[in-house]
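Student: With the sequences and hints as input, model every part of the structure.
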Amino acid sequence: MRERCEEAGINQSTILFSWEVAAPTDSSGARSPFETITDTTPFTSVNNMVLDSIYFSRRFHVRCVAKAVDKAGHVGTPLRSNIVSIGTDSAICHTPVVAGTARGFQAQSFIATLKYLDVKHKEHPNRIHISVQIPHQDGMLPLISTMPLHNLHFLLSESVYRHQHVCSNLVTIRDLRGISEAGFLDEVTYDSIAVGPGYDRPYQFDPNVREPKTVQLYKHLNLKSCIWTFDAYYDMTELIDVCGGAVTADFQVLFCRIIVPMYSSIN
Numbered sequence: 000m001r002e003r004c005e006e007a008g009i010n011q012s013t014i015l016f017s018w019e020v021a022a023p024t025d026s027s028g029a030r031s032p033f034e035t036i037t038d039t040t041p042f043t044s045v046n047n048m049v050l051d052s053i054y055f056s057r058r059f060h061v062r063c064v065a066k067a068v069d070k071a072g073h074v075g076t077p078l079r080s081n082i083v084s085i086g087t088d089s090a091i092c093h094t095p096v097v098a099g100t101a102r103g104f105q106a107q108s109f110i111a112t113l114k115y116l117d118v119k120h121k122e123h124p125n126r127i128h129i130s131v132q133i134p135h136q137d138g139m140l141p142l143i144s145t146m147p148l149h150n151l152h153f154l155l156s157e158s159v160y161r162h163q164h165v166c167s168n169l170v171t172i173r174d175l176r177g178i179s180e181a182g183f184l185d186e187v188t189y190d191s192i193a194v195g196p197g198y199d200r201p202y203q204f205d206p207n208v209r210e211p212k213t214v215q216l217y218k219h220l221n222l223k224s225c226i227w228t229f230d231a232y233y234d235m236t237e238l239i240d241v242c243g244g245a246v247t248a249d250f251q252v253l254f255c256r257i258i259v260p261m262y263s264s265i266n
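In numbering that gives the first Met the number 0, the protein residues as written are 0 to 266.
Careful: at least some of the hints might be erroneous.
Stated by the list, open to error - Pair ranges (Cβ atoms, derived):
{"id": "1", "residue 1": "Pro-124", "residue 2": "Ile-82", "range": "50 to 60 Å"}
{"id": "2", "residue 1": "Asn-47", "residue 2": "Asp-230", "range": "20 to 30 Å"}
{"id": "3", "residue 1": "Thr-112", "residue 2": "Thr-76", "range": "51 to 61 Å"}
{"id": "4", "residue 1": "Arg-256", "residue 2": "Gly-28", "range": "51 to 61 Å"}
{"id": "5", "residue 1": "Thr-76", "residue 2": "Thr-228", "range": "44 to 54 Å"}
Claimed, not checked - Derived DSS-like pairs (lysine-lysine); straight-line CA-CA distance at most 25 Å:
{"id": "6", "residue 1": "Lys-223", "residue 2": "Lys-121"}
{"id": "7", "residue 1": "Lys-223", "residue 2": "Lys-212"}
{"id": "8", "residue 1": "Lys-114", "residue 2": "Lys-218"}
Worth flagging that the hints you see were computed from the coordinates, not collected in a lab. Cβ atoms here follow ideal geometry from the backbone N, Cα and C, with glycine treated the same way.
Tutor: Below, the structure written as structure tokens:
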């Protein structure tokens, strides 16, 4: 068999992968039909050897579809893997569940803080530090923006819909060149990723398992506290002109108040 594959020019790098998922089995034991996952996001792809966990959750049924491609470009017969059912007992993060529905997740609040860093700050002098913390939920993608989050399907699948979300975790600093010098997602440099409790799970940042754009998101998730943390450092001009913030001051100009809208969605 190996000789035949080598003769046809088939190897692991030429295999096409896709994924199919089915919703959890209902109370009567009936299972929904499998559907092929087709929607990519700014952080994930759907045709890799590894499927990201935002596409499924507990009790979902998942299977892989593999097709070999020979050196002439001919695609072989699809081969489907055994069905895997996602368990409920061994999750790294506890997810509150509301009884009565298959995916009855309980909404959790996010925490946003805003702090001024004076000129003596070593790394970000005279900047406004915005920090957003969101509890992790299995199968959910945390989104934040200073603009209202509408039409999430299009926001995640079409880049044109993300252009107005300049101050968000939907765009990277590279996407913002010429618009803003700050952002919630910076470039991935593997040697600078935090290593310690919550960031030391096997394959958590393995480039052979996760794409750089996926690591760019997941380096904000602490798997010990199960909290997503997104930080950005803006100057006053960016907050007002780019992020939609507002400044109010008292009549004696002893202090000023900065108001920045912040929207969050767990998709």
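Student: Run every hint past the structure and note whether it holds.
Tutor: Do the hints match the structure? See the list:
1. Pro-124 to Ile-82: 50 to 60 Å: The hint (50 to 60 Å, Cβ to Cβ) holds, given that Pro-124 and Ile-82 are roughly 55 Å apart.
2. Asn-47 to Asp-230: 20 to 30 Å: Holds, at about 28 Å.
3. Thr-112 to Thr-76: 51 to 61 Å: holds, 55 Å
4. Arg-256 to Gly-28: 51 to 61 Å: holds, 58 Å
5. Thr-76 to Thr-228: 44 to 54 Å: Distance hint for Thr-76, Thr-228 holds at roughly 46 Å.
6. Lys-223 to Lys-121: violated, 29 Å
7. Lys-223 to Lys-212: Judged against 25 Å, a Cα distance of about 22 Å means the pair holds.
8. Lys-114 to Lys-218: holds, 23 Å
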